[in-house]
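Trainee: Here are the chains, one letter per residue:
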Amino acid sequence: MFSFVVRRLAVAIPTILVLVIVSFALMFSAPGGPFNSERPLPPAVLANITAKYGLDQPYWRQITTYIWNIVAHFDFGPSFKYKDRSVADIIGAGFPVTLTYGFWSFLIAVIVGVALGVVAAIRQNTWIDYLAVGISVGAQALPNFVLAPMLVLLFTLWLGWLPGGGWNGGEWQYLVMPVIALSTSYMASIARITRSSMLEVMTAGFIRTARAKGVPMHRIIWKHALKLAMLPVLSFLGPAFVLMITGSVVVDVYFSTGGIGLYFVNSAFNRDYSVMMGITILIGVLTIVFNLVVDVLYAWIDPKIRY
Amino acid sequence: MVYPDKVVMAGVAGAALLAPVKGRSLWSDAARRYSQNKAAVVSLVVLIAICLFAFFGNFFAAWSNEEIDWARMGNIASTGAPSFENGHYFGLDDLGRDLFARTVQGTRISLLVGLVGAGVAVVVGTLYGATSGYFGGRTDQIMMRIVDILMSIPFMFVLILMLVMFGRSITMLFIGIGLISWLDMSRIVRGQTLTIKNKEFVEAAVATGVRPMRIIMRHIVPNLLGIVVVYATLLIPGLIITESFISFLGLGVQEPATSLGALISKGASQMQYGVIWQLLFPLFFFVVTLFAFFFVGDGLRDALDPKDR
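Chains as they are written, first to last, in the numbering used here: chain A, 1 to 307; chain B, 308 to 616.
Bound conformation, chain B alone (with noise of 0.2 Å):
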């Protein structure tokens, strides 16, 4: 056991007299474990970094993403290359628009992507799998077997072919990774569910009568939060790098809208040209951010999780 400074400072005569000894709770401790994993602090500041960099790194863009450099766009190999005297710190686009702006803009639409991914996956995940788990028996059997069944689609291709049926949007792309995001989750989640329903506390609120789906809400959701935040957080680079996939083949983010993968997409078919920085950039923000999640979402699992302790 460890004890806080002061209760030893203090003494055992005077422990008495100081205000009780604050409790530690599930999260303060994680809170302790986390901040002493030094890749999962490097990381989450560069993510933090990062989130900066998207959300307010237009307020430093000399030139706005739709404007084009008239006087460099002819000869972007030799004028268009990164400079802080013209204002284009990344360089110019092959369309003469400034990258910087561009890649703040595509790395934008990549974190969104991944959130609103998570976040699907957090609700209906959640939802699904304490649902599926708390019930258990035949429902429980449906259920998982619907998962079972939708995972072993492959997905790629049916999210394609969705785009391409109802017209490549960022809003059907929202969509179709909302549709894959959960599988895993509510398989997570149900597994979860399976030990903590046996608990007594679950046990006395049947005794007393409380309603099954105020029980999955009120007693099993908060205690799967622990694990359903590492798993959302690991999550995010699978969807960044699914998104980034068919932004890639040119399916799914159209211009003037951008990501990472489409600025990368871009970057590979004009390297020969002798303007590598349009490849490099995003493919430095790309792989940074990706690094940064996957090193925060095993730090938080490290810190939440305590099976692997």
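Bound-form chain A, shown alone (with noise of 0.2 Å):
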């Protein structure tokens, strides 16, 4: 187990090393700098204010710095659009806002999603598995940037139970939209996995003799299917959370919730490389932990896998 977790260590590490070279890399060669303006600086500030920067010191001093600070301060850097924001601000002031309605879609996704397939499976062949069934293949369809404007459609402008966007320190009026159109397409995905893996695992044998034996229906599912079919979407688990985080970002844009992906769209009409950079990494790095947990998690669980 230890191993496992150590050699899954070393291969992160080199992902997130590869994603802020590259970055850095990508910024480094981008034509045209952030201090580009309509009118040219003239070139004594300029230079003072690369110099300001750092912007004027070779490539690999730039980068060695900028990881140093990452790493020892959880400094990245200032903004180069707002000068006087630090990245780290503009994160502290967006991260809360986006972990809140995250977390809320990610749970539901996974309860109901979870939920609607175990009744599905069970159910198979009723009205209920095509129901299921059905919202799982019409979620595929409708990605986040849909949904969003179609619920804005329904519970703002016609029923008018909701607001159209805005945050107001997480209440609930503010949340719902948010959550329903980032956590409906991996609601369905989860429901859909969910289905198929518990099909498959009430043929299976040992379900077979429990039901012999007289065990109770709800017992079955709890104690004995339910755990070996999750297995597969705990796998789902790892991309959910990519997709969900970029999803996240037109949630942002769309409901000016004001999470991150609101200053990352921000940042990339503005040209404020820093921000953007600083943003990238930050959920590159969370995405690559976070699978790693699932790949842990995985192989803690299932005792077939190999460590």
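If you're looking for bench data, these hints aren't it; they were derived computationally from the structure.
Source: prediction; values computed, not measured.
Fair warning: there could be bad hints in the mix.
To be verified - Residues on chain B that point at chain A, a partial pick, calculated with CB under 8 Å: (1) Val352; (2) Leu541; (3) Phe552.
Said to hold, decoys possible - Straight-line alpha carbon distances no greater than 30 Å define the calculated DSSO-like cross-link-like pairs of lysine-lysine that follow: (4) A:Lys52 to A:Lys81; (5) A:Lys304 to A:Lys213; (6) A:Lys223 to A:Lys213; (7) B:Lys506 to A:Lys304; (8) A:Lys213 to A:Lys81; (9) B:Lys504 to A:Lys304.
Backbone N, C-alpha and C define an ideal beta-carbon position, used for all residues, glycine too.
With the hints as a guide, bring the two chains together.
Mentor: So this is what it looks like as structure tokens:
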């Protein structure tokens, strides 16, 4: 087990390094800098500014300083656009918001998805099964940027129940639509995966034995089937997490919730490279760590995995 | 066994007189299985219709996608609604352009993104995966580790980073999407190659001294085609979603070019002004295209992938 974790770390760390180096190289080689403007700055001023931000240093020097600052001080450097804020400030402001609705979305996607999948599998070929399958097929073609306007259309413009955007400290009315928009397609995928793996497990020999012994159905599902059927779901959680973080960009932009996605897109329009890089690296690291956790969990639960 | 009708009717004696019974290839078998899947057949028809719409729809448009209807642009909410009389079948967009022509243009770009991305995936992914799987051992490990590393990077962010650094253009979007699209394909192809490379015909080729790259191209890749076609079809909707996602944020395709994602974004930002058709038409084409690809892909998988039968 220990050596498995170490081996996975041995992959995770180079991955993070590749991400940092590539995005840094992109920034370094990009045509036009953050200080290019309509009215060119006098050369002396430009030289001073570049020196202040350390942009006159050679590539390897810049990147080592950059990495060192992140590792040692969680300092992603200053924002090029907003002179009074550092990248860490911006992440600090946006990340809690993203985390809040991301957490709820994740929770709802898993709970509702698993429940829907299990029910569909147990009542196979009944209306509830068809409903579950229908939902999961339909949700595939409704990515969050399609769902978000439809939700606003329904809940805000037609019914007038919910505010069309904003955050307001995370009150529940402001949470509902972001969470639905973000979680629906993953809920659908989880339901589909659960259904098919549950169907497979329910035909296994040990389930038949349990039924023959007269174990009640709910106990069979909870005690015997669910644990095994959850393994494919668990391995889906890694990619789902990545996609959800990506999806949060749309939620932030569309509902103006003020998460990091909004800052990311704004800085993309402003060519604020340091903010973009900071967010990309942070999300990359989170993704890799999360994948690592899922893998370790998987290996821990499934005795058949060699490690 | 099901014999062709002719043979059964002619009887045993007559069978000998008939021309040799026509053999059934993998592809004709697959075509037969595909045609039995109703959803897949309907989707294929829908998909062809959408392609025709995207590439020839302009011939039916009364207005071009760049023309501004000055007479109506001042009051789009009341005069710009879809109507056959004034030739704006889908109404006007927020700048007074014909939404029908815009939707044609957007659907075309979205389809192109999907097709180009899938093309890259097919070429690069197949070669990469087949090479990795065929050589095996250390080469395989290193090549697949690279794919692992690339896959665990949140690509949407890097893609946006690239688009910002090198300018937002369709070319850059194509390059960016091409960079990601082959990863999954290479994994699938590698897995399939691992089983193919132990077959006798590959052994025979090795024994007669055929060079490795030639074995891959002539003996392994043709046997991969079925699975490659299936996954390429299933990949296209994902790529269309990726492109639309970026265009929705305003970072992808730039005016005056457009894509379904950009149109949906525009429509979504305008919907409180009573111009709901600006959202609904692009949305309809987007959703229908995705559904069609999903079902065609599913049908192809059932028809071509022997594993799931």
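Trainee: Would the hint linking lysine 504 (chain B) and lysine 304 (chain A) be met if the CA-CA limit is 30 Å?
Mentor: Given that 30 Å is the threshold and the Cα spacing comes to 26 Å, the pair holds.
Trainee: With a cut-off of 8 Å on the beta carbons, see whether phenylalanine 552 (chain B) makes it to chain A.
Mentor: Holds. Min distance 6 Å.
Trainee: Should the hint that valine 352 (chain B) touches chain A count as held when the rule is a Cβ pair under 8 Å?
Mentor: 18 Å, violated
Trainee: For the pair supplied as a hint, lysine 213 (chain A) and lysine 81 (chain A), confirm whether the alpha-carbon distance does not exceed 30 Å.
Mentor: Outside the cut-off at roughly 69 Å; violated.
Trainee: Given the hint that lysine 304 (chain A) pairs with lysine 213 (chain A), test it: the Cα-Cα distance must not exceed 30 Å.
Mentor: Answer holds: lysine 304 (chain A) to lysine 213 (chain A) is near 26 Å, not above 30 Å.
Trainee: Is it true that the CA of lysine 506 (chain B) sits at most 30 Å from the CA of lysine 304 (chain A)?
Mentor: OK: lysine 506 (chain B) and lysine 304 (chain A) at ~28 Å, within 30 Å.
Trainee: Against the 30 Å threshold, does the CA-CA distance of lysine 223 (chain A) and lysine 213 (chain A) hold or violate the hint?
Mentor: 14 Å, holds
Trainee: For the restraint on leucine 541 (chain B), tell me whether the closest CB of chain A is nearer than 8 Å.
Mentor: With Cβ-Cβ at 11 Å, over 8 Å, it is violated.
Trainee: Starting from lysine 52 (chain A), check that the Cα of lysine 81 (chain A) is at most 30 Å away, please.
Mentor: 14 Å, holds
Hint compliance for this structure: hints 1, 2, 8 are not met, and every other hint is.
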